[in-house]
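The lines below spell out each chain.
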Amino acid sequence: MKLKSRICAAPYLVWMVAFIVAPLLMVVYFAFTDGSGHFTWTNLSGLSQYAPVFVRSILLAAIATVICLVLAYPLSFMLSRLRASKQRIMLMLVMLPMWMNFLLRTYAWMTMLEKNGLINRFFGLFGIGPFNMINTQGAVVLGMVYNYLPYMILPLYTIMVKIDDSLIEAAEDLGAGMFYKVTKVLLPLSLPGITTGITMVFVPSISTFIISRMLGGGGNLLIGDLIELQFLGNSYNYNLGSAMSLVLMVVVLLCMSLTNQLDSETKEGGVF
Amino acid sequence: MRKPSALGRVYMVLIFSFMYVPIAVMAFFSFNASKSRSVFTGFTLSWYKNLFRDEMILSALGISLIIALVASVIATVLGTMASIGIHSMHKATRSVIMNISYMPVINPEIITGVSMMLLFVVAKTWMGGKIFGIPTLMIAHITFCVPYVIFNVSPKLRQMDVRMWEAALDLGCTPTQAFFKVVLPEIMPAVLSSFLICLTYSIDDFIISYFTSGTVQTLPIAIYSMTRKKVSPEINALSTIMFVVILSIILLINARDSRKPKAESLRN
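Chains as they are written, first to last, in my numbering: chain A, 30 to 301; chain B, 458 to 725.
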């Protein structure tokens, strides 16, 4: 009987090998070969000239992640302490923009940040500006924060709902001020939510190519843009693009294992 | 429950305005007579009319819907079968399969897209012919949907009491009958919710489709080419429509869900 039901998984296993495993092996193969299929290191070693782009991607994604965490943390706590019926509505308000295509959301900011866009007009009322906001690194970070803030709020909220109010009250009774309540009670208890949130914001931020293209103009390329250029753009070099993808994958895996390490130190389960 | 302080309320309002002002601005300017995106010159519905006459958008919407429906059905069937098969495997085999299935979920989307594109390019040089388009899109969408089905259905299977299945067999069901009469009804909620998840992911996906679509345009790809044209107020109209559609779906689901507990308590 057991054997029979195991066969049910066969179609998926074939699919998995063909369309998950094989494509990833393809990336590795292309990364280590040249155009004619010979083994080479040049794709990977040639990446050093793109080091500034890699550094910029990691930096901007890290800044966006930190801003998301700082903005989302108090909000998630407040949400988790609302009445149940209100929590439902607020949670829906958090998720609603997520369901809208992110191209449209980014486009919204594109029009608002323009030289004669709404924000500069608003400043103009007070006689300041116009500021140069679009096509800057700040605009790219703003786009990341705007698009991925819900990904930070949701895991934080999920973990905060589970934190018992009496623990915070106990800390209060024992004389803890705001600072100790947050650092000694709230932060350690919500750490799994923090780590999940960090990966959920950092991974899409570091690999984006749309946000940087729409809000960063041509001058603020990220890793994602470079990869896209190799595959569908003018540069057109699958081997180099694969090498970049490989490095991006390693960066993402490193980030994840780092946050996992943080998690396991508190010996808490994940959020999902 | 503690009530948020005045400062806390202000903070909440600020964050939610940050999230909603851009959407509101777009909706507002979708009724703007001129193409300007900062000065309101008069009310018009012409952008909406243009949108519904736009062949490119309409055909892209059609393609998106077809791909989403077909890919979700296939992914749900494939994923449910896989969950059942994986369920009766050894722990070690199971965790290997689960970890591989995680790859499309944790990998940046661009890598999933690029890796599949490479596979299709290689396949094309071997087999020749035109494969980029609907077939590649379909394969890509099924691939990134199936893991979500497995991760939704597997926990439900683990919760299920094996004795129910055994009882059905003892009472003379064939394994197939037992599956359709006992197992399937039990896991149906998870199967349905994974189908819905697949639908939304498939309709919304841009990055993976972008690398695997060839010249075929899905709705997000059409939106992308619209944003490249810089000034196209139809986008505002499209965003507004999408927002209203999503909002009504969510409100409907919520209304249904909030009625359900009442109905259940009546029954008890």
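No wet-lab data here; the hints were simulated from the structure.
A couple of the hints might just be wrong.
[Unchecked claim] Lysine to any residue pairs mimicking SDA-like chemistry, simulated, CA-CA at most 25 Å apart:
#1 B:Lys492 / A:Asn130
#2 A:Lys213 / A:Leu111
#3 A:Lys144 / B:Thr631
[Stated by the list, open to error] Here chain B is said to cover these stretches of chain A; the calculated rule only asks that three of the stretch's residues, wherever they fall, bring their Cβ under 8 Å from a Cβ of chain B:
#4 34 to 48
#5 76 to 85
#6 159 to 170
#7 207 to 217
#8 271 to 284
Beta carbons: idealized from backbone N, C-alpha and C, even for Gly.
Going through the hints against the structure:
no., hint, in the structure
1, B:Lys492 / A:Asn130, "22 Å, holds"
2, A:Lys213 / A:Leu111, "23 Å, holds"
3, A:Lys144 / B:Thr631, "71 Å, violated"
4, 34 to 48, "holds (count 12)"
5, 76 to 85, "violated (count 0)"
6, 159 to 170, "violated (count 0)"
7, 207 to 217, "violated (count 0)"
8, 271 to 284, "holds (count 5)"
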